[in-house]
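Modelling step: build the complete structure from the supplied sequences, incorporating the hints.
Sequence order for the protein chains is A and B. Just so we're aligned, residue 0 is where the first sequence starts under numbering that gives the first Met the number 0, counting upward by one. Just so we're aligned, residue 0 is where the second sequence starts under numbering that gives the first Met the number 0, counting upward by one.
None of these hints come from the bench; they were simulated from the model. Do not rely on the hints blindly, as some may be mistaken.
Just so you know, same-sequence chains aren't split out, so a pair can sit in one copy or run between any two.
Taking lysine to aspartate or glutamate and the DMTMM-like style, the derived pairs with C-alpha atoms no more than 20 Å apart in a straight line are [to be verified]: (1) Lys221 to Glu437; (2) Lys217 to Glu437; (3) Lys217 to Asp295; (4) Lys124 to Asp106; (5) Lys87 to Asp251; (6) Lys221 to Asp248; (7) Lys124 to Glu14; (8) Lys217 to Asp167; (9) Lys217 to Glu108; (10) Lys461 to Asp25.
Nothing here was measured: the structure is a model prediction, and the numbers come from that model.
Protein chains: 2
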Amino acid sequence: MTVHHLSPEILSAIEGAVGPGGFTADAAGMAKYLGDWAGDYRGEALAVLRPGSVGEVQAVMRLCSELGLGVIPQGGNTGLVSGAIDSKGRGLVVVSLERLNAIRQIDTENFTLRADAGCVLQTIKDACEAQDCLFPLALGAQGSCQIGGNAASNAGGVNVLRYGMARDLILGLEVVLANGELWNGFAGLRKNNSGYDLKQLFIGSEGTLGIITGVEVKLFPKPVQTETAYLGLASFEAAIQLFNRARRDCSDLISAFEIIGSECIELARLIDPGIAAPVSAPVQVLMELSSGPGIDLNTLLASFLADAMEKGLVTDAVLATSSVQARSFWAIREGLVEGQARRGYHVRTDLSVRISDIPALISQARHFIANSHPSWIPLVYGHAGDGNIHFNVLPPLELAEHHARARGAEVIAGLYEIAVGLGGSISAEHGIGRSRREEFWTGLSPTHRHMVAALKTALDPKGLMNPGCLLPATEILS
Amino acid sequence: MTVHHLSPEILSAIEGAVGPGGFTADAAGMAKYLGDWAGDYRGEALAVLRPGSVGEVQAVMRLCSELGLGVIPQGGNTGLVSGAIDSKGRGLVVVSLERLNAIRQIDTENFTLRADAGCVLQTIKDACEAQDCLFPLALGAQGSCQIGGNAASNAGGVNVLRYGMARDLILGLEVVLANGELWNGFAGLRKNNSGYDLKQLFIGSEGTLGIITGVEVKLFPKPVQTETAYLGLASFEAAIQLFNRARRDCSDLISAFEIIGSECIELARLIDPGIAAPVSAPVQVLMELSSGPGIDLNTLLASFLADAMEKGLVTDAVLATSSVQARSFWAIREGLVEGQARRGYHVRTDLSVRISDIPALISQARHFIANSHPSWIPLVYGHAGDGNIHFNVLPPLELAEHHARARGAEVIAGLYEIAVGLGGSISAEHGIGRSRREEFWTGLSPTHRHMVAALKTALDPKGLMNPGCLLPATEILS
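What follows is the structure in structure tokens.
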């Protein structure tokens with residue numbers, strides 16, 4: 000049975016599940032749930048449901064299971080791969096978690112926090128900060144993304160190097176399954192080796208196996224000191240060598256090691272013309288150490304940099320002498336991302352390779368753009384310490400957007416080919432969603448595909464959960 | 000079809016899969032594969048197969064799948080929960096990975112290593128050390144356990160606090176599935192957010208979903224300095240408070256925080272009568288910091304301890320002034336484990352609770368022993384920073400072993416009840432195997448059980464992989 004429109008009976012059943020104020024089915028009411036943060040996708044849906052409790056999420060899934068109605072779980076809608084928006088979603092309902100937005104518990108003795116899935120990341124970070132704790136997940140979208148979406152997409156960000164991806168920070172999940180049953184995977188334990196670690200399945204599954212309604216995370220002591228440096232280097236090779244030395248010489252205190260190609264600075268200046276790179280060099284690195292008390296962190300970083308300059312790895316280095324100056328370094332990193340959005344449509348990638356292959360990735364990708372799309376402008380930046388490079392490409396300003404988008408698809412295909420050729424991934428942190436599904440799926444071995452399909456079928460036999468995201472619709476699988 | 004004995008046809012098929020030297024079916028040849036390290040279990044098997052290549056493992060699984068013959072994958076056989084030994088395994092074959100024992104690759108630029116599943120952990124650690132790298136997994140059994148078994152059981156150990164469990168250290172796996180297909184999950188990438196993270200399923204699955212044939216792990220820079228202290232404290236409450244302060248004051252440099260009840264010292268002296276605790280206090284802590292260069296680690300630890308003494312958290316503290324002295328502290332921690340084995344049968348647990356509940360766990364457990372088994376001697380030690388306590392209990396020496404074992408089952412049941420009552424786990428790191436299966440399974444919610452069974456069926460529909468381990472035999476599931 001496929002639902003093509005909401006009959007009065009179905010509307011009444013939905014109202015029974017989420018109450019009269021818990022859903023909207025008119026275009027105006029649905030608009031904000033059907034457009035993404037970056038303006039790249041427009042979705043469709045039969046209705047947007049906004050359950051106000053875990054019980055209501057269960058009622059929604061029981062109803063959808065009965066009707067055979069597909070569901071798109073949605074958090075803050077800040078994803079970049081059309082994971083929570085479906086342009087062909089005319090027969091699906093969006094289930095927004097935004098009304099489940101409470102912090103349930105902060106336990107500073109155990110360094111754990113439990114929150115509803117719809118809790119905004121920044122709210123969680125602020126609550127931890129107020130108790131001298133750190134929840135280290137840090138993303139550009141943290142003011143609007145939700146912790147449930149962070150879990151479902153295994154979010155990354157600038158602190159991965161020190162603290163890991165969302166997967167590494169999650170201790171437990173609470174999930175409503177496709178049949179409406181509730182799985183309580185909370186325990187608050189640091190170590191629990193009791194059979195299959197079921198939460199791992201849902202982390203990064205992009206809503207295709209169930210709806211995450213609650214998340215339990217690890218907290219850390221808030222660092223009491225931070226040292227930030229902005230460095231100029233001659234090449235990406237030098238940057239990778241520098242990182243490897245830093246790993247050895249700075250213990251486990253590196254909290255950021257971001258590579259920025261000098262061509263990115265202009266983009267940041269679109270956001271704030273006052274922005275200027277404190278060094279002049281083709282490759283720039285924003286490096287940050289942080290720690291508790293009792294360590295002379297300034298001397299540690301200063302000596303490291305002096306040694307790196309002496310060895311010729313770094314050509315220029317500015318060690319921030321105030322938090323204002325450190326903020327100005329970060330403004331470059333943040334501004335260059337916003338600047339791309341300001342400039343309009345552009346090719347966005349999220350590639351990862353073995354760390355030692357980063358220079359090859361960048362060199363091959365630049366070569367490809369220079370040869371095949373010479374009027375396009377490549378930008379290189381990323382979390383180099385994780386092997387994760389955002390190699391983005393700006394179309395020439397004079398190219399009309401629809402032409403640029405058509406051409407952009409070729410650019411992306413070429414860049415993916417280069418990453419895959421180096422044994423890399425086309426999705427280091429953004430996920431697969433709908434926009435990368437085909438490249439992802441065709442790149443898998445038959446055995447891998449068979450396992451993915453078997454897991455999907457095991458947990459969502461009717462194919463109701465986020466159909467079309469990550470893997471082809473279930474009917475294709477059998 | 001159930002295989003009850005090895006017919007000439009089956010023997011010949013096995014020989015076809017692994018060669019004439021690749022299996023043994025006589026009692027003498029099988030003996031070493033059917034007894035565990037701790038001497039707690041005796042197993043049975045139709046035969047022990049020793050494939051010499053990944054292709055041979057595939058051939059074995061194809062054959063077993065055809066015959067409907069159940070398989071027990073086996074690494075170094077150092078597990079403590081009868082996961083690789085089956086006392087009712089008369090109709091099963093053991094597949095030992097011991098001949099797949101090569102290190103395939105060490106990449107010191109990417110800090111990664113790939114090895115065959117049968118590679119002994121100590122061999123891997125030594126190879127890393129020789130290249131100034133650290134593979135931090137550290138277990139008492141490291142001289143004989145194998146990396147594939149470490150992955151399958153999600154091994155823990157003394158370095159979990161700083162570096163995580165095996166799960167946190169694994170970047171990729173290579174697995175032969177129940178149908179003989181090979182899944183290559185190697186990539187060497189730090190970040191790869193591309194759909195379901197399939198390796199997570201096999202980690203900690205105790206051989207019930209496939210045979211791990213290769214493991215890729217993260218390496219770390221070898222610390223260049225280590226500071227070790229042995230502390231005396233008045234109570235377990237003080238130890239937990241001390242740990243929480245240490246987390247804040249010692250950055251992320253704590254590499255061990257082991258709690259030792261003073262009653263354990265006597266056990267260590269069974270191994271070496273020269274062993275003596277450097278402090279006299281009811282609760283003792285072995286604390287270790289480690290780091291790269293450029294940090295005054297000695298001053299960091301010394302100031303931390305001075306402050307803790309001033310605040311009355313620590314009553315006595317000895318900071319090792321030489322590596323010999325540091326080794327003597329570790330000899331206590333290692334000796335107390337060996338001493339228990341030397342003394343004979345004892346109740347062994349591996350409980351975890353929220354860190355703040357450790358004092359309650361210990362107090363309730365001691366109360367239970369004092370009241371219900373007054374002549375038994377409780378021992379408390381463990382990785383307190385992870386919430387993981389080994390609350391073990393020694394029977395009175397005069398009690399005959401078979402009586403002690405019978406009584407021991409009651410002791411274990413009582414201790415599990417206390418841990419579960421505190422929201423804890425009956426298996427922090429040792430796993431479930433066969434010995435804890437019933438308590439584990441009956442403690443799960445119906446929804447959790449249903450999910451476990453669905454995953455098992457999805458990947459091992461014939462129920463061939465380690466039958467009876469972790470979950471009831473598949474026929475019970477449906």
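We went through each hint and held it up to the structure:
no.	hint	result
1	Lys221 to Glu437	neither (42 Å within a copy, 42 Å between copies)
2	Lys217 to Glu437	neither (34 Å within a copy, 30 Å between copies)
3	Lys217 to Asp295	neither (27 Å within a copy, 28 Å between copies)
4	Lys124 to Asp106	within (14 Å within a copy, 36 Å between copies)
5	Lys87 to Asp251	neither (46 Å within a copy, 48 Å between copies)
6	Lys221 to Asp248	between (22 Å within a copy, 10 Å between copies)
7	Lys124 to Glu14	neither (34 Å within a copy, 60 Å between copies)
8	Lys217 to Asp167	both (9 Å within a copy, 14 Å between copies)
9	Lys217 to Glu108	within (11 Å within a copy, 30 Å between copies)
10	Lys461 to Asp25	neither (27 Å within a copy, 49 Å between copies)
Of the numbered hints stated above, those contradicted by the structure are hints 1, 2, 3, 5, 7 and 10, listed in ascending order.
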